[in-house]
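Here's the letter readout for the chains.
There are 2 protein chains.
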Amino acid sequence: MIQCPRGTRDFLPDEMEKRRFYEGRLRHTAGTFGFREVETPIFEDAELFILRSGPNVLKELYAFKDKGDREIALRPEMTAPAIRMFVNNMSNDPKPIKVFYFGQCFRYERPQSGRYREFFQFGAELIGSATPETDAEVIAMAYAMIGSLGLREYKLRIGHIGVLRQKIADAGVPRDRAAEVLQKLDKKLYDEARPLMEDMGVAGADIDDIFSLTETVGGTEVLDRVPGEAGDYLRRVVGFLEAMGVRDLEIDLGVVRGLDYYTGMVFEAEAPSLGAEKQICGGGSYTLSELFGGEKVFSTGFAIGFDRILLAIEKEGQVYEPRGIDAYVLSVSEDVRLRAAEIVAGLRAAGVSADVDLMGRKMGKALKHASSVRARYAVIVGAKELEEGAVTLRDMSTGEQCLVPVGELPSRILC
Amino acid sequence: MIQCPRGTRDFLPDEMEKRRFYEGRLRHTAGTFGFREVETPIFEDAELFILRSGPNVLKELYAFKDKGDREIALRPEMTAPAIRMFVNNMSNDPKPIKVFYFGQCFRYERPQSGRYREFFQFGAELIGSATPETDAEVIAMAYAMIGSLGLREYKLRIGHIGVLRQKIADAGVPRDRAAEVLQKLDKKLYDEARPLMEDMGVAGADIDDIFSLTETVGGTEVLDRVPGEAGDYLRRVVGFLEAMGVRDLEIDLGVVRGLDYYTGMVFEAEAPSLGAEKQICGGGSYTLSELFGGEKVFSTGFAIGFDRILLAIEKEGQVYEPRGIDAYVLSVSEDVRLRAAEIVAGLRAAGVSADVDLMGRKMGKALKHASSVRARYAVIVGAKELEEGAVTLRDMSTGEQCLVPVGELPSRILC
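Protein chains in written order, with numbering that gives the first Met the number 0: chain A, 0 to 414; chain B, 0 to 414.
Some hints could be false.
Remember, identical chains collapse to one label, so a pair may be satisfied in a single copy or spanning two.
In silico lysine to aspartate or glutamate, EDC-like type, Cα no more than 16 Å apart, as pairs [claimed, not checked]:
| id | residue 1 | residue 2 |
| --- | --- | --- |
| 1 | Lys364 | Asp92 |
| 2 | Lys17 | Glu36 |
| 3 | Lys361 | Asp334 |
| 4 | Lys383 | Glu333 |
| 5 | Lys183 | Asp207 |
| 6 | Lys64 | Glu108 |
| 7 | Lys58 | Asp68 |
| 8 | Lys66 | Glu108 |
| 9 | Lys367 | Asp92 |
| 10 | Lys183 | Glu214 |
| 11 | Lys295 | Asp65 |
| 12 | Lys58 | Glu36 |
| 13 | Lys183 | Glu197 |
| 14 | Lys17 | Asp205 |
| 15 | Lys166 | Glu179 |
| 16 | Lys277 | Glu152 |
| 17 | Lys364 | Asp44 |
No lab work stands behind these hints: they were computed from the structure.
Between the sequences and the hints, there should be enough to build the whole structure, so can you do that?
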């Protein structure tokens, strides 16, 4: 039996309905923030992702040559495609530009809980503005989105990559080796970061200072300890966030976010219930467009791991109830089946979601099928009732039945 | 500058909004018919598509080996994945099962008008029932979907592969070579079909009969000329379709639909405005599940070419107007920007789609941006008005302005 490929999933009707429901909430929230949807191809020139993330990304890519010998790759994320799209098609549009996207991404890695080879991301980019309000707007939207899904337990942590970058440059880490150090610090691998920096000639006291900076974590009051421009900047971001009602922020100067294209504010959200794979959202301000052949343009964006956040909601006990259909139409006898077809067509045209018995089942079996498709009503079409232009309407939850003129069916069912 | 790969597209906000609008209509129609959405992976074991369509399909597939040396392929269509999903996960569910899906498919072929390497299909499968009503239900849904998009000029043609299969078998075409003949007949390549059948020893008079059968085209009255079981069956399908209000059917026994897994009724819809690439929908009844390791189960399904049908709508002059946003909030002076942030947050929480000036623009420029994002209202936040708890609400289409208490903004804007 052929199965779906390892690390990918089939979504059956109940699961899919649930996913569309939550996707709809994210979509609605993005709309209230004035963000508009865009869509890019499932695969791109592999170079795009190498430019964004470095050649190491190839290890995790589904990359291959097409029949025209082009190196293409299934997208592992959607920020690079969105910025490529901006450079190609939107660079002359009025700024700032607010876009969001939702879709499949692909990474070849070992599947585990909340980690798939085909996974779904919801993301947004605010392109062409570099103000504290811009960063606050994007964080506020991420916050509103997580909230719109009803997730209760999560932490939103905000940092500023500039503080740490400045500090390690001042301490003598060469510019082209900063990324190595930041990666260790991002994962709090102090045991590895210390000898690395020592090799670069960084003094022990400076290393201690750097470590202590990455441990600067707390409520917004810790910002008082953050010096210079970055501190001023974050204080303004936080001011706007508070005005927009974003609560329970944590400041964490240890948020580095692995990738070295971030330029300033960085943020993450975590759902502790998820254990090791607890990050549900990450983002920050960056520039990428110049890498793809455009002018340098400042942007702020984020992505939400849709699969993980659904997992977190589930762990909190949230249950989604599938809606089912409005009506199931069945015939008492063979001679009224054409009339049943007419009736179901009329219901559908009126906006009622209606199924109809297609297999000529006897009433008991047909009613059982009506239950299994979660119909709220059964419409029972019988010859005798039809003579008076009526059918029997059965409430599937109570079992109550009454005669209803055919023309009144839609209003009775939709009320 | 990196471009999106040949034959793929970026969808910018206006285009994307239009596509989601029409997708929503298809989705709604499928819902009224009691079909439920499913989703399968973007790629599958390549074997799945070879089993369905024969090894020739490999020429058109985006097929490659993953890092685990598995032969995988980007899906060229979604019927095979849907039936694989059924075999793997749904084979014990109550029948019939009604599912639909919407998404990207991939074919490596020369891009041309209405033909892309990444294209979008909307499809549905009704699994586990083999009655005339089943076929009618599926055709009626395709008809309702096309109608829901507002397409005016199109032809819906219904045939029955069984009539032609029986005829060519009776004439002496060996069973294992029927597909070759049917492919020629499907494309009306009579000059090639004749020598092919002559080689198989088919008599000239029988060949003439076969050709004339494929030319049996017309209104439902031509069914009187269709003999045997297939004729009876199609008459019943048409009877149900008429009861469901499906008009202007054409019967066409030349509809063969290339693939040899169809077992009975086949149908197609064409939009003549599209020229050579005019087919917008195709389907029929088939069995596939046994190929994928399941029991043999009869199904009826169809797919709509979403890109092509949108092209047809456009050619008919249908124009979609993007909706824009409800409100754009701007500050008269620097000191009220935090209050503006509060106000925009309040609007969004009330369900208003609202953008806010993030760049500290002067009023004239900010109003210009409000126009460019198609805001219906501008909310002008000034210190003096705020003292009285009010802001200026400007109707962007008329330019009329009035003072509105902050608390009344959502109801004034959403009314």
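Do the hints match the structure? See the list:
1. Lys364 to Asp92: For lysine 364 and aspartate 92, only the inter-copy Cα distance (14 Å) is at most 16 Å; the intra-copy one is 60 Å.
2. Lys17 to Glu36: This pair counts as between: shortest inter-copy Cα distance 11 Å, intra-copy 21 Å.
3. Lys361 to Asp334: Classified as within; 13 Å inside a copy, 74 Å across copies.
4. Lys383 to Glu333: Within one copy only: 13 Å inside, 76 Å across.
5. Lys183 to Asp207: within (14 Å within a copy, 78 Å between copies)
6. Lys64 to Glu108: between (20 Å within a copy, 15 Å between copies)
7. Lys58 to Asp68: between (20 Å within a copy, 14 Å between copies)
8. Lys66 to Glu108: between (25 Å within a copy, 10 Å between copies)
9. Lys367 to Asp92: between (57 Å within a copy, 13 Å between copies)
10. Lys183 to Glu214: Classified as within: same-chain Cα gap 14 Å, cross-chain 73 Å, threshold 16 Å.
11. Lys295 to Asp65: neither (31 Å within a copy, 35 Å between copies)
12. Lys58 to Glu36: neither (30 Å within a copy, 34 Å between copies)
13. Lys183 to Glu197: Cα proximity of lysine 183 and glutamate 197: one copy only (14 Å, versus 75 Å across).
14. Lys17 to Asp205: neither (51 Å within a copy, 56 Å between copies)
15. Lys166 to Glu179: within (15 Å within a copy, 73 Å between copies)
16. Lys277 to Glu152: Close inside one copy (11 Å), not across copies (53 Å); limit 16 Å.
17. Lys364 to Asp44: Answer is neither; intra-copy 54 Å and inter-copy 38 Å both fail.
Going through the hint list in order, the structure does not satisfy hints 11, 12, 14, 17.
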